[in-house]
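K.L.:
In case you want the letters, here they are:
Protein chains: 2
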Amino acid sequence: MPTATSNAVFDLALFSKTIMKSWTLQVSRITDFLATTSDEVLQNETAPGRNTGIYLIGHLIATNDGLFPLLGLGDKMFPDLAKVFVSTPDKSGLEYPSIATLKKYWSDVNEKLTEHLTNMEPEEWLGRHEAVTPEDFEKEPHRNKLNVIISRATHLSYHLGQLIYLREKKA
Amino acid sequence: MPTATSNAVFDLALFSKTIMKSWTLQVSRITDFLATTSDEVLQNETAPGRNTGIYLIGHLIATNDGLFPLLGLGDKMFPDLAKVFVSTPDKSGLEYPSIATLKKYWSDVNEKLTEHLTNMEPEEWLGRHEAVTPEDFEKEPHRNKLNVIISRATHLSYHLGQLIYLREKKA
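Going down the list, the sequences are from chains A and B. Here the first sequence stands for residues 0 to 170, numbered as in numbering that gives the first Met the number 0. Here the second sequence stands for residues 0 to 170, numbered as in numbering that gives the first Met the number 0.
Chain A on its own, in the form it takes in the complex (with noise of 0.2 Å):
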């Protein structure tokens, strides 16, 4: 493995499209949520007791900027951001920037990781990423950065079912 005949008809750069289009239409979606939600219902909790939206959308922006060292592109750019919304539960008392800031994060983190990822080469994504160890990754080589991307993809996810609740009910 790979056949020269299964080569033939797998076509690379459209996994790697296919891969791109997955990613962008998760961030897409926090952005679109983002667009059409009021910064005074981002400060509620998505349900009682549980996380407040500006928490949870401190949380994609510094998961998502975690993305650049973990698939080798580079340090992070807001990396005070970790402490505040990865270590530390929500209302511990710790100041959060306001959410015009945090909207500005998500849109920088998203571009230039989106940049990143585009000119990645399509082999790329099978490669080791960097929170495996080269002797673990020989053993289990799935650990990669196409793994790495999914599950991140599923992580938006898991928190926009959260913020959704933020909405109105409908009747």
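These are calculated hints, taken from the structure and not from any lab test. Errors might be hidden in some of the hints.
Copies of the same chain look alike in the list, so a pair counts if it fits in one copy or across any two.
EDC-like mimics (lysine to aspartate or glutamate), calculated; alpha carbons at most 20 Å apart, straight line [said to hold, decoys possible]:
| hint | residue 1 | residue 2 |
| --- | --- | --- |
| 1 | Lys90 | Glu129 |
| 2 | Lys82 | Glu167 |
| 3 | Lys20 | Asp135 |
| 4 | Lys82 | Asp10 |
| 5 | Lys168 | Glu44 |
| 6 | Lys75 | Glu110 |
| 7 | Lys82 | Asp135 |
| 8 | Lys20 | Glu139 |
| 9 | Lys20 | Glu122 |
| 10 | Lys16 | Glu122 |
| 11 | Lys111 | Asp31 |
| 12 | Lys75 | Glu137 |
| 13 | Lys16 | Glu123 |
| 14 | Lys20 | Glu137 |
| 15 | Lys168 | Glu129 |
| 16 | Lys90 | Glu39 |
| 17 | Lys20 | Glu123 |
| 18 | Lys90 | Glu44 |
| 19 | Lys138 | Glu44 |
| 20 | Lys168 | Glu139 |
| 21 | Lys16 | Glu137 |
| 22 | Lys16 | Glu39 |
Since chain A is already given, all that's left is putting chain B on it; use the hints.
P.N.:
For chain B alone, coordinates are given in the frame of chain A:
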């Protein structure tokens, strides 16, 4: 594209394995949730006025079941579920199967689905799915089976983010 050089290092078997690992991880997260949540709690709303756990589980079974025809793998196993859990909202008065029955359906659908997906040739992932016409597929070839499975993985995760609200809040 694809070039001989790039094909040399794109391992199709590893690509398939990575997709399957990503998919089955999302399925297993729901399975684990079901195994650790009481039937009583599953009857509850995930948040005030929102979908119940049992409805979301039925919804996920029905949508996973829909992958058989969508991916050209055969007929649905439980075609009656779509009416109850997809085209009709929760709390509409329709009778639901018991939770024990739904747990069995969940297991059955995913067992058969995994078997089919595991047997797919790597190239098939970039092929057309049944909800897109050959004409549209020619223009938009990213609307393929790979796109569908990633989309359904994010769908599972979206609703898991809501189901998790059935759990006790951390102190």
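K.L.:
It remains to establish, for every hint, whether it holds in the given structure.
P.N.:
Hints versus structure:
no. : hint             : result
1   : Lys90 to Glu129  : neither (31 Å within a copy, 47 Å between copies)
2   : Lys82 to Glu167  : neither (31 Å within a copy, 25 Å between copies)
3   : Lys20 to Asp135  : between (30 Å within a copy, 16 Å between copies)
4   : Lys82 to Asp10   : neither (41 Å within a copy, 38 Å between copies)
5   : Lys168 to Glu44  : both (14 Å within a copy, 13 Å between copies)
6   : Lys75 to Glu110  : within (13 Å within a copy, 40 Å between copies)
7   : Lys82 to Asp135  : neither (28 Å within a copy, 46 Å between copies)
8   : Lys20 to Glu139  : between (26 Å within a copy, 11 Å between copies)
9   : Lys20 to Glu122  : both (17 Å within a copy, 18 Å between copies)
10  : Lys16 to Glu122  : both (13 Å within a copy, 15 Å between copies)
11  : Lys111 to Asp31  : within (18 Å within a copy, 36 Å between copies)
12  : Lys75 to Glu137  : neither (27 Å within a copy, 38 Å between copies)
13  : Lys16 to Glu123  : both (13 Å within a copy, 16 Å between copies)
14  : Lys20 to Glu137  : between (29 Å within a copy, 16 Å between copies)
15  : Lys168 to Glu129 : neither (42 Å within a copy, 33 Å between copies)
16  : Lys90 to Glu39   : within (16 Å within a copy, 30 Å between copies)
17  : Lys20 to Glu123  : both (17 Å within a copy, 18 Å between copies)
18  : Lys90 to Glu44   : within (10 Å within a copy, 24 Å between copies)
19  : Lys138 to Glu44  : neither (42 Å within a copy, 43 Å between copies)
20  : Lys168 to Glu139 : neither (44 Å within a copy, 35 Å between copies)
21  : Lys16 to Glu137  : between (27 Å within a copy, 14 Å between copies)
22  : Lys16 to Glu39   : neither (37 Å within a copy, 44 Å between copies)
Comparing the model with each numbered hint stated earlier shows that hints 1, 2, 4, 7, 12, 15, 19, 20, 22 do not hold.
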